[in-house]
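Chemist: Residue strings, one per chain:
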Amino acid sequence: MTRMPRRHLPLWAVGTAVLVSLAACAGGGYSQTPLSPTPTAAASSAPPTSAAPSTTASKCSPAPAGFNPVQSYDPVATLPAAGALTGRLAEIRARGYLIAGVSADTLLMGARNPLAGQIEGFDIDLVREIAKAILGDPTKVQLVVITAGQRQSFLVERKVDIIARNMTMNCTRWLDWPIAFSSEYYHSGQKVLVRKGSTAKSLDDLAAAKAKVCAPTGTTSLTKLQEFVPKGAVAVTADTHTGCLLLFQQAKVDAITGDDIVLAGLVAQDPYAVVPTQTAITDEPYGLGFNAADTGFVQYVNRLLETMKADGRWKASYDRWLAPSLGAAPAPPTGVYGRQ
Amino acid sequence: MSQQAAAPPPVAAPSPAPTQARPAVLAPTGQGARPAYPNAVVTPTKPRVTAWVKGKASGTPGRMRMLGAVAAIAAVLFGVVGAWNMWSSAQALGRAGATTDQVVRVQSIYADILRADADATNAFLVGGLEDSAQRADYEAALKRAAETIATAAAAQPADGAALAALNAALQDYAGLVERARAENRQGMPIGNTYMTSASAGLRAAAVPPLEALLQANAERSRGELSMAGSSWPTLVTGAVAVLVLALVGLWLARRTHRYLNIGVTAATVAVLVGLIAGMVIFGGIAADARKVSTNQLAGTLALTSARTAAFDARANESLGLIRRGQASANETAWAKNDATVTTNLSALGGVTWFGGTGSASALSQAWTAYQKAHVEVRGLDNAGTWDAAVAKATGATETPRASFAAFEKASASAVDGFQAALVKDVDGPATRASTTAVVLLLVGLAAAVLATRGIAKRVEEYR
Chain A
27 MTRMPRRHLP LWAVGTAVLV SLAACAGGGY SQTPLSPTPT AAASSAPPTS
77 AAPSTTASKC SPAPAGFNPV QSYDPVATLP AAGALTGRLA EIRARGYLIA
127 GVSADTLLMG ARNPLAGQIE GFDIDLVREI AKAILGDPTK VQLVVITAGQ
177 RQSFLVERKV DIIARNMTMN CTRWLDWPIA FSSEYYHSGQ KVLVRKGSTA
227 KSLDDLAAAK AKVCAPTGTT SLTKLQEFVP KGAVAVTADT HTGCLLLFQQ
277 AKVDAITGDD IVLAGLVAQD PYAVVPTQTA ITDEPYGLGF NAADTGFVQY
327 VNRLLETMKA DGRWKASYDR WLAPSLGAAP APPTGVYGRQ
Chain B
2 MSQQAAAPPP VAAPSPAPTQ ARPAVLAPTG QGARPAYPNA VVTPTKPRVT
52 AWVKGKASGT PGRMRMLGAV AAIAAVLFGV VGAWNMWSSA QALGRAGATT
102 DQVVRVQSIY ADILRADADA TNAFLVGGLE DSAQRADYEA ALKRAAETIA
152 TAAAAQPADG AALAALNAAL QDYAGLVERA RAENRQGMPI GNTYMTSASA
202 GLRAAAVPPL EALLQANAER SRGELSMAGS SWPTLVTGAV AVLVLALVGL
252 WLARRTHRYL NIGVTAATVA VLVGLIAGMV IFGGIAADAR KVSTNQLAGT
302 LALTSARTAA FDARANESLG LIRRGQASAN ETAWAKNDAT VTTNLSALGG
352 VTWFGGTGSA SALSQAWTAY QKAHVEVRGL DNAGTWDAAV AKATGATETP
402 RASFAAFEKA SASAVDGFQA ALVKDVDGPA TRASTTAVVL LLVGLAAAVL
452 ATRGIAKRVE EYR
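Protein chains in written order, with the working numbering: chain A, 27 to 366; chain B, 2 to 464.
One chain only, chain A, in its complex shape:
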């Protein structure tokens, strides 16, 4: 009781030291936040990717004897009156509008004009003429913007009545997808687009230079491009041709391949892109796409196309959209008919 013995002092010192050291580690930091959440019960919301066309037994390798991809069904003799429409046409009329699959970013053919907010172009004019014929009003159209890779499923699953989206008529699409085509309404061919100053003028040149070339998924352009991959070309895909132009502008690809008309639309958007003088390496006859069962609809549209080619409406549309880039309108492609 008399005095605090000094021998206890070290004990206090130890106590204080313990307190300080414990305090120091109590405020410990957290481990670094990861860059993506650790997976929980919530399943990843991967959108269902559109099923790739099955590669089972094609009816087109080789194509049946005498198969002509531009041959369509005979046009009806005359366009029937609105009240006399049957089948698919009657359904469209009852619904009150036509559902058309189009492109919104293929300048000249089908592109959204940002200033007007409207989709317009050579393909769109055709769709509006069809709506006008069936429904009496060119604006009674629901334009469904689709990518090239979605053309098959949208027609087969009847998500659209018609597709007007620079689509090449070929055996695979006729017989394997299967869909039906109208008669040919535009004749195109595959070319290459390169950077200004480039010496390459063809896919062969690009393959020799081991260049990266872009083509949209699900197109005949990509199929053709893949033939040049063994020769050294690097195939890069995008959803659309405009997607390719985006990669081109970001220097992720050296060139783009596609139909001349599509490339003309890209050149119009980029002063550093050029389509050098070259011979088209493929023939790309464009037709309007339909569900394979809608032959009556196809025959109706074929009559309309014949009328438009004859009365100057085809040429008027060509002059408006394509002539500034491609020069004066040629004679419209001749319809080939007789498909059974």
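Hints are supplied without guarantee of correctness; some may be wrong.
[Unchecked claim] Below, in silico cross-link-like pairs of lysine-lysine (BS3-like), each with a Cα-Cα straight-line distance of 30 angstroms or less:
no. : chain 1 : residue 1 : chain 2 : residue 2
1   : A       : 335       : A       : 166
2   : B       : 425       : A       : 166
3   : B       : 292       : A       : 185
4   : A       : 185       : B       : 373
5   : A       : 85        : A       : 250
6   : B       : 292       : B       : 425
[Claimed, not checked] Part of the chain A face toward chain B, derived, beta carbon under 10 angstroms:
no. : residue
7   : 61
8   : 92
9   : 123
10  : 140
11  : 170
12  : 260
13  : 265
14  : 266
15  : 271
16  : 294
Treat the hints as calculated values from the structure; they're not laboratory data.
We put the CB at the ideal spot given by N, CA and C, even for glycine.
With chain A's structure known, arrange chain B on it following the hints.
Modeler: Same frame as chain A, but now just chain B:
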């Protein structure tokens, strides 16, 4: 009973060792015979220190000194560990508030980014020159997001890497949007492609770090709140201290033939009272922390999740229209967002409301109003009247915009309310915990002093 047991001294447990140890110590040093105090003879060399310690520890007074030291250490340990435990609890409560602040910050970044994207995509929807008010809203949202990223990075260093990734994603996005805008003003369709690519890139690059940030900080908040009530270190050291002090008291009673050593008994009682009081207070803190966790924190998290999903739903509404006739993917995303909002709002009904004016059901009603408006937009688009759908979705006075703004405003003020309540309601327990920390430390130290003094008195009897 202690008298009988204490009678034969040799019975005490460590008896054989010290009796032999004494001569052994004496022999090598030759000066251990004198039970000197350390201040009398300062022995700097190691053998001398050892000799001193051994001298101190020998015989009955030596054993008493040792037991006194053990008792003091136990009491101090209780005081120190109890204080540290309480102090950490107070700190944890404070950190729970801070990490919840961070959750709210991240959520506001999330909302601002999606808001900016909704503005930017809407501008493309309307076509031509964008609405200047919308453009201003886009810029303000991006600016706020950038500022909040900086604040959040300063507030939580552990979030640095994720916030840096977010910042990079935001810069890429802003760059692509400007490019899209420039092309759009030239009338080039590629502008639209740049815009879609910006939106897709934003979702791919910014959403994962944002989700990670929300998840990590929510987990931190929950962890802190559950840690605040964790009292086992105090319980263990307190129980050990009481036991040690009681045994020392018992030993002393036997050895000295006295019932009670006042110092040791007082120390035992002090530690016991401190332990019981500490555990009661801990129980209160744990209960408070649980309440905060299941109400204020759960409410804040439910609201932030609902808000994020709501903004994403609204952006998907625009994107669905932009993709023109192909809204199904966005509509699926919208439905998923809608389910998230609804689930979280109904979860909110199960917690005490801290959101100020309004209620969980009022928020649900606000959301239902927007749901209805969205269904009308989809109806117009699905019926082939795209232009009418766009007008409905973007019109300043139309129901989708107005009802969404109402929901946005109400939920924002509710988040603020819950968040403020959380910070406020962890404050009380935190103060209690820090006060108790000081008290426990003092109790431990006082008990140590009492015990050593009580024993010192007995030791003196042997001089």
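Chemist: Give a verdict on every hint.
Modeler: Results of checking the hints against the structure:
1. 335/A x 166/A: 23 angstroms, holds
2. 425/B x 166/A: 60 angstroms, violated
3. 292/B x 185/A: 53 angstroms, violated
4. 185/A x 373/B: OK: residue 185/A and residue 373/B at ~25 angstroms, within 30 angstroms.
5. 85/A x 250/A: Within the cut-off at roughly 19 angstroms; holds.
6. 292/B x 425/B: 13 angstroms, holds
7. 61: Hint on residue 61/A: holds, closest Cβ of chain B at ~5 angstroms, below 10 angstroms.
8. 92: 38 angstroms, violated
9. 123: Status holds, d = 4 angstroms.
10. 140: 5 angstroms, holds
11. 170: For residue 170/A, the interface hint holds, since the closest Cβ of chain B sits about 3 angstroms away, which is under 10 angstroms.
12. 260: 21 angstroms, violated
13. 265: With Cβ-Cβ at 9 angstroms, under 10 angstroms, it holds.
14. 266: Hint on residue 266/A: holds, closest Cβ of chain B at ~7 angstroms, below 10 angstroms.
15. 271: Nearest chain B Cβ about 5 angstroms off; hint holds.
16. 294: Where the cut-off is 10 angstroms and the nearest Cβ of chain B is about 8 angstroms from residue 294/A, the hint holds.
When the structure is compared with the earlier hints, violations turn up for hints 2, 3, 8 and 12 and for no others.
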